[in-house]
Amino acid sequence: MADLLQEIEAQIAGAKATTAKQNVGIIREIGDGVARIEGLDDVMLNEMIDLGHGITGLALNLDETEVGVIILGDYTQLHEEDEVRATGKLLQVPVGKGLLGRVVNTLGEPVDGKGPIKSEVAYPVEKVAPGIIRRSPVRQPVQTGIMAIDAMIPIGRGQRELIIGDRSTGKTTICIDTIISQARLNKEAEAAGDKDYRPLYCIYVSIGQKQSNIAQIITVLEKADAMRYTIVLASPASDSAANQYLAPFAGAAMGEWFMDHGMDALIIYDDLSKHAVAYRQISLVLKRPSGREAYPGDVFYLHSRLLERAARVGEKYGNGSLTALPIIETKAGDVSAYIPTNVISITDGQIYLETDLFYQGVRPAISVGLSVSRVGSAAQLKAMKQVAGQLKGDLAQFREMAAFAQFGSELDPKTQAQIDRGKRIIELFKQPQYSPIPAEVQIAVIGVVQQGYVDDVPVDRVKDFQARLTEFLTTRKTELLRKIAQEKALSEALTAELKAAADQFKQTWK
Amino acid sequence: MKTSRQIKREAKRLFRSCLVNGMLDEGRTRQVVQRVIDGKRRGGVALLSHIQRLVKLDCARHSAEVESAMPLPADLRERIQAGLTRIYGPGISASFAHNPELIGGMRIKVGSDVYDGSVRARLAALQKGF
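Protein chains in written order, with the numbering used here: chain A, 1 to 510; chain B, 511 to 640.
Hints listed in this document are in silico derivations from the structure and should not be mistaken for laboratory results. All clues stand as given, with none of them false.
Some, not all, of what chain B presents toward chain A, calculated at C-beta under 7 Å: (1) R563; (2) S622; (3) D623; (4) V624; (5) Y625; (6) G627; (7) G639.
The model shown is predicted, which means the values in this text are computed figures rather than measured ones. Ideal Cβ positions, reconstructed from N, Cα and C, are used throughout, including at glycine.
Just chain A, with the same shape it has in the complex (with noise of 0.2 Å):
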């Protein structure tokens, strides 16, 4: 009862404040989730607009006579000629680590009815991207879990790599195991104690995506317990398209809330392409002039300023990283398209999966030969590189004589082994769904590749050979799994033991 006095009180006080200017104006049109707005003289770009009845508008175009204002909301209680006035602030979203485990729309308001969210603070949802001398060098790994991932195209914390695909070829997959891999990261670390290990938290922003795909993910995240480690902002698309237009740079801020406090997150744009359409849409209902394929003339600047936010930061500035995955959907594979090459020369590299090879059973559907990441092994684990490096050249090259295969002539042994090669690596880097793999796993599977083990095991059971071989590893080599994952690199010691635990273990394989 008391708290209750001295809130009140304290409203009153607040109320007595000097009478502020305030700026109006009227709305003269309203339609297609935009309004056209007389007076309001001195209202800025990208301010906010209380349009009455809770709802809000952002100021978008500044014409000599009227204001052009996309509206966040319920647009079916507003009229013509209703007042409205301009609130002087740009638009905010809460961001903080009460957002963790929560479904939350563009503006940030909670849509999983799980109460409101904690937060204090609030970030603007555009803002300028941290400057040269704030950044420092991408060196951490992202564990993405998927071995072909991590082997061939290695994501940097700081990154921005591009997963770039026709529909259906899984590039949703590879982001939700990322974050699958990175929950289960965060918690052995924090069972473990460890104090060095720094979490990665994820963002998952889904732009125009159908609701029912949007609540799978949420099922698929909870059952693997990631969802503590987890955002998820939902534009579905049923949502306006100012709101699909403002959700990727409402995601970034969350994200840039743990950049800027010295903590790793994960970002995931799902995807960018539907996020152009919407702009598109309120680009032409704001009657601004179009270019190629009827997109704005800033479609570039739209994707450039929002991948621009996701950076590491140097020592002095905090050391956080905002890593960012956007996703591209392409139309036959075309990636020589508007919207794909505008994405592909603004990220720090590609994962290309290819619909053939999805048909053919490769899964996860990567195309060794296009994906690449300007970063690379400059973001990887000193034992990965050391037994991955060759395998890049490896498959490059069983591409090349996998032709002359085809002929069935008789091959030199030299080229007949690489083929033989080639083959049992593309089987051993299929993975099936929400199973990411651990890094020391990994190293070690693939050490034991590159020594020749399976190069007598006949291709249709090299994926059976990895399981056993991995569960022998995870039961009877603890230990040197252990060992591998705490030293990072392969010394002579642990590459003999790699080699002493292969050799057990082929003896017991028939």
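With chain A's structure known, arrange chain B on it following the hints.
Showing chain B alone in chain A's frame:
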């Protein structure tokens, strides 16, 4: 055929020609409007509606609507007029209206700027705060 952008530019040009010392001159405005009507040009109606919009906005910027809960005495009105002239310059004209819905205090609207010191506004702010 003139596009709407060209018509807007033309309207802006004609509007600027109606200004004398930065203030809208009634005589000139009437002349310009009459010329456009007499000219019978294509797009003339659109041109006139643009000019009308610009004139309307300019008038709104230079006129102040003062609403008060109670009728104001003459000296207070003079003080308000002087204050507005000080902030907005000499061309401002104030109109006074009586609006009991404000409950108390007054509300001044000049173009897009609103100074709302009425009791109604403060109650609304309190309600929003809670």
